[in-house]
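Novice: Each chain is listed here by its residues.
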Amino acid sequence: MKIQRRDVLVAGAGAVALVSMPWAAMAQEAGAAKTVDELIAEFTGGAEVTEGEGVSLNAPEIAENGNTVPISVEAPGASAILVLAAGNPTPPVATFRFGELAGAHTASTRIRLAQTQDVVAVAKLADGSFVKASSNVKVTIGGCGG
Amino acid sequence: MISRREMLQWGLASSAALAGLGFGNLSRAFAQQALTQDQLLQFDDFGNLTLIHITDCHAHLKPVWFREPDTNIGVGEARGRVPHVVGEAFQQMFDIAPGSAEAYALTYPDFVDLARTYGQMGGFDRIATVVKSIRAARPNSLLLDGGDTWHGSYTSLKTGGEDMVRVMNLLGSQAMTAHWEFTFGTERVTELMAMMQQPLLGANIFDKVWDEPAFEPSKIFETGGLRVGVVGQAFPYLPIANPGWIFPEYSFGIREERMQQVVDELRAEGVDLVVCLSHNGFDVDHKMASRVRGIDVILSGHTHDAIPEPVVVGETIIIASGSHGKFVSRVDLDVRDGKMMGFRHKLIPIFSDVIEPDAEMAGLVDEIRAPYEAELTEVIGKSEDLLYRRGNFNGSWDDLICEAIMSERDAEIALSPGVRWGASVLPGDITREAIHSVTSMTYGQVYRNEMSGEMLKTVMEDVADNIFNEDPYYQQGGDMVRVGGLGYTIDPYARIGNRISDMRLLKDDSPIDPARNYIVAGWASVNEGTEGPQIWDVVEDHIRKIGTVSLAPNTSITVHGD
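Same order as they appear, the protein sequences are chains A and B. The C-terminal residue of the first sequence carries number 146 in this note's numbering, and the numbering is unbroken. The C-terminal residue of the second sequence carries number 562 in this note's numbering, and the numbering is unbroken.
Because the hints were derived from the structure by calculation, they are not lab data. It is possible that some hints are incorrect.
Claimed, not checked - Derived CB-CB ranges, DEER-like:
hint, chain 1, residue 1, chain 2, residue 2, range
1, A, LEU101, B, VAL209, 25 to 35 Å
2, A, ALA114, B, ALA137, 54 to 64 Å
3, B, ARG293, A, ASP118, 21 to 31 Å
4, B, ASP541, A, ASP37, 51 to 61 Å
5, A, LYS34, B, GLU187, 44 to 54 Å
6, B, ASP513, A, ALA114, 25 to 35 Å
7, A, ALA114, B, ARG495, 18 to 28 Å
8, A, THR35, B, ASN169, 57 to 67 Å
What the hints assert, rightly or not - Here chain A is said to cover these stretches of chain B; the calculated rule only asks that three of the stretch's residues, wherever they fall, bring their Cβ under 8 Å from a Cβ of chain A:
hint, segment
9, 237-251
10, 461-474
From the three backbone atoms N, C-alpha and C, an ideal C-beta is built for every residue, glycine too.
Take these sequences, add in the hints, and give me the full structure.
Specialist: Spelled out as structure tokens, the structure:
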């Protein structure tokens, strides 16, 4: 993964510029190829993950440029949100952590997608439960719209 | 107590009845040689507000021939649903008599014969007559332009879109949204916006660097005591389907949440009605209508569909008004207590032989064309066949263009974009204007390079998925890339990677070898720095050489599907 910790911080800061309360973003180390399921299990400690309410992931349906795809995640009350690019050689994108005084539990960044794939967000909510959202982002060569 | 839903259904029934009175009478009237402008414009006023919609004229100032598609495959939920119904099935669905004026206007069968009977359609001088007539009857009206207005003709290319800005100003357009407008480049769009007497609305146009709204998203119009919120939605896939490097500052996308946000803001402002002026394409609008709450009317553009009745999705009605100036939609609405209580609609066909030209607009069109008249009307050659484009796969215009590319550029395979614009040519003379109608653009260079068989397959699969993806939000509109020198089989209902099979090089009927390189020429590349002669010159040179165009039916594309 090409995103450095600093890049994620800078990109994320743009979206929550008015929020002065602490939150932290942490780029994952490019570990040995763990599967998406393994990465999620690591994040949740094996707890059950439900789909739907509680976390939203905003990503374009079709990337205008696969090298820099804007995405944003939001999970009110969450303490952390894990973002994975399931189809990349190294899926981890970032884990956004929010302190207790964070004003908005939202973060945005730009990621590189090697191919058409699902982007996955898993949030740890205030009650300790985990919820997941995913969005298919198509990377296309384009050319002939009418 | 009549619920809103029932009112909508009643409205639809009323619309259907009116379609019967207006459009239905047309064929009988023609049969009696008695069709009049009054009949075309006949409309029982309804409610307290009128929307007038025109879209995708592609800068066609004068009346045209335009054959509607013979193939328009719908996938997923859209299968068998308008606009994915063509020909006789369309005629049956809307109770249209074969051979009638409405059959000519809305469907392809017997096109050449019916064209000779009923004449050309469109023309801005006729459109102006219709708009003025509606406005005279309905002072509380809004004229909204769905975009693809500035691009598509010789004069629009020569004037950099200015001709169309002048025409839409004179017509009194009150707002527009955009797609091909951006292919003139950011700088030119900015210049033309300074000349426009209406806003260019685009809730989904964002600044790429800051990811912030870059255009006015909406405008509130006050008319007859009503406040009408109009949201613009530009074509979502501009930087993908068209060269993003020409307008590098902007990002687009469907941005459903953004649409909801803008609609919610308008509702919070207390508007009486929310209208979405959209260039999404019909299937995208259909899905958006089912997911975004609070839109009363979607005026749908991009996919060039002419649908005689509004399509109702939940509490939203979708209006599709065709292309190339063939139709103007009139939508009368009863708006009370901040709600749309009912509607009445007519897709008005612009029969140019029946509707009297408006002198003022005719004067402007003549003035615009005067410097180019000799170039426009020069006859380049003749055609024995009908030349048309519209449809999911190669039309005869596309076959001729591909033949020209292969011949003039000495290529084994030609690729031509699956755009839906471009007027038809009846057997007879081919003018320079007709060639530009199907080729005009700001990036028309004809490239020539080598492409592996594997790459060709990837390109075809990619384009097919942009059209036949089951999820409308992944569809870009347009049709399948047109090919010359290449045959293939397609299953539109399959998944990406599995739709295209049996690719063959036609010159020796050999299977396309993934590992071999082929000489491929084509136009409308989205890549910066593409070199080559302009496509209209290539086509013109070819037609001059052959003199008379005679095309064998294209049997090299096989469409499968269950």
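Novice: So which hints don't hold here, by number, going up?
Specialist: none
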